[in-house]
Amino acid sequence: MSISVLDALRPAKKPALLGLVVVVGLFVGAWVHGKYFSDRSPIQPIEFSHRIHATDNEIPCQHCHIYADRTPVAGVPSVSKCMGCHNSVPSVRESPEILKLATYWENREPIPWIKVYDVPDYVHFTHKRHIKAGLACQECHGPVETMDRITRVASMRMPWCVDCHTERNVEHGRDCWTCHK
Amino acid sequence: MSTIVEKLRQYSKPGYYDKFDYHWTMTIDLDRCTGCEACVVACQAENNLPIVGEERFAENREIKWIRIERYWEGEYPDIKMGFIPMLCQQCDDAPCETACPVYATYHNQDGLNTQIYNRCIGTRTCAVYCPYEVRYFNWFTYTWDEPLEQQLNPDVTVREKGVMEKCTFCIQRIRIAKDNAKDDNRRRVRDGEVVPACVQSCPTEALVFGNSNDPEAKVSKMMKSPRGYKVLEELHTTPSIVYLTKVQS
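As they're listed, the protein sequences go chains A and B.
Residues in the first sequence are numbered from 1 upward in steps of one, following our numbering.
Residues in the second sequence are numbered from 1 upward in steps of one, following our numbering.
Just so you know, the hints here were simulated from the structure itself, not pulled from any lab data.
Where is the CB? At the ideal position from N, CA and C, for every residue including glycine.
You may find that some hints are simply not true.
Within a straight-line C-alpha distance of at most 30 Å, the following computed DSS-like cross-link-like pairs (lysine-lysine) qualify [unchecked claim]:
id, chain 1, residue 1, chain 2, residue 2
1, A, 181, B, 64
2, B, 218, A, 181
3, A, 128, B, 64
4, B, 161, A, 115
Here are the in silico distance ranges between beta carbons for each label pair [to be verified]:
id, chain 1, residue 1, chain 2, residue 2, range
5, B, 20, A, 89, 47 to 55 Å
6, A, 117, B, 149, 21 to 29 Å
7, A, 26, B, 62, 44 to 52 Å
8, A, 126, B, 79, 27 to 35 Å
9, A, 21, B, 59, 28 to 36 Å
10, B, 153, A, 24, 24 to 32 Å
11, A, 69, B, 119, 29 to 37 Å
12, A, 139, B, 2, 13 to 21 Å
13, B, 204, A, 77, 32 to 40 Å
With the hints as constraints, model all of the structure from the sequences given.
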């Protein structure tokens with residue numbers, strides 16, 4: 001005569017099934033969140049395309065992000081910078097996105113761009129040092145010139161920074177106070 | 001056995017960063033200090049120190065990275081008042097560093113005893129170990145009333161509840177000076193290029209700051225003064241701050 005454990009397990013069937021559903025649900029939820037609700041690729045107030053500007057019209061990055069090689073921040077161009085060119089580009093003046101730009105210009109309002117690449121307040125990061133060390137923008141920001149909408153390609157987390165500093169043998173690159181403040 | 005002892009001695013030798021470019025040092029001339037507390041105010045403004053309020057002050061929870069300690073010498077009527085600015089001594093053999101369970105405080109290559117705020121878990125062990133009592137704990141998250149938050153220094157983190165903090169020798173200014181030196185293709189910053197807030201504000205120039213690895217620096221010359229002494233030297237913390245004692249007439 002053999003004794004089966006299945007009888008003993010039967011009462012646990014319902015909670016086990018429920019648990020399985022919850023676990024699967026968590027995985028699916030995490031995937032959906034990452035795919036559709038993450039902040040990696042937010043919808044911007046104007047559908048600005050880096051592909052059109054940087055690839056099709058061959059505008060270098062630092063034409064608009066003028067502070068990148070001079071200061072800690074790269075700088076988002078002002079509305080007047082945009083209008084400086086777009087005033088004299090008649091071919092797209094009537095396109096809906098440019099009309100949005102013109103509205104901001106007429107209302108004297110800044111465009112509320114959503115920041116994609118951000119570091120916490122306790123991190124000291126300077127664009128200047130990285131540009132002067134000879135890094136291309138694409139090494140951290142990915143192929144921006146091919147993107148219609150900016151997508152964050154790097155984790156922007158500490159291991160990501162430290163890995164690069166280690167790989168390139170940055171002097172004192174792993175001293176905490178090089179990057180923390 | 002002897003080699004082990006030798007090795008130990010080698011590792012426990014203070015000033016192991018001789019091979020590095022900097023050893024930030026300060027001298028404080030007590031003969032010049034008038035106890036005006038300009039350094040205290042300057043530090044408060046530069047390093048985003050919170051104003052804790054009267055009640056917390058009474059509970060000894062004030063945060064002052066540099067403070068002026070007053071002391072009396074002699075007996076009435078032949079009595080003299082003295083001042084001694086007390087700030088983190090940036091010890092080479094810092095007792096606080098050995099105590100931290102999460103390595104939030106450590107010695108960096110510039111001879112600075114540093115504190116990583118976002119790593120700190122607030123055990124407060126370091127403050128207990130510090131013989132100079134210059135580590136301060138954030139018992140609360142302090143806020144700045146409008147429009148005072150506008151004057152916060154963006155180069156310094158605003159600390160929150162549960163974090164230990166201390167004098168950094170204005171590391172943000174050191175960082176800026178190093179940045180400028182790199183732009184000019186200089187290996188080291190020049191003497192006098194880094195001026196911490198307290199040194200900058202001292203009206204009598206009692207405080208001198210510099211790199212003692214550079215024998216030509218003003219601070220290196222000041223350190224050689226026969227008046228020089230280090231506070232609680234007998235504890236072998238080997239502080240980086242040299243005090244110049246008062247000239248007695």
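Hints and how they fare:
Between the alpha carbons of residue 181/A and residue 64/B the distance comes to roughly 18 Å, so the proposed pair stays at or under 30 Å and holds. At roughly 28 Å between alpha-carbon atoms, residue 218/B and residue 181/A fall within 30 Å of each other, so this suggested pair holds. Of the supplied pair hints, the one linking residue 128/A and residue 64/B is violated, its CA atoms being roughly 33 Å apart against a limit of 30 Å. Between residue 161/B and residue 115/A the CA atoms are separated by roughly 27 Å; this keeps the pair inside 30 Å, and the hint holds.
Against the hinted window of 47 to 55 Å, the Cβ-Cβ separation of residue 20/B and residue 89/A comes to about 54 Å, which satisfies the hint. A beta carbon spacing of about 25 Å between residue 117/A and residue 149/B agrees with the range 21 to 29 Å that was offered as a hint. Hint check: residue 26/A to residue 62/B, Cβ distance near 47 Å, so the stated range 44 to 52 Å holds. Taken as a hint, the range 27 to 35 Å is violated for the pair residue 126/A and residue 79/B, whose Cβ atoms sit roughly 53 Å apart.
Between residue 21/A and residue 59/B the Cβ separation comes to about 53 Å, which falls outside the hinted range of 28 to 36 Å. Between residue 153/B and residue 24/A the beta carbons are some 49 Å apart, a value that contradicts the proposed interval 24 to 32 Å. Separated by about 31 Å at the C-beta atoms, residue 69/A and residue 119/B satisfy the suggested range of 29 to 37 Å. For the pair residue 139/A and residue 2/B, the supplied restraint of 13 to 21 Å is violated, since their beta-carbon distance comes to about 51 Å.
In this structure the hint that residue 204/B and residue 77/A lie 32 to 40 Å apart at CB is violated, the actual value being about 48 Å.
Checked against the numbered hints listed earlier, the structure breaks hints 3, 8, 9, 10, 12 and 13; every other hint is satisfied.
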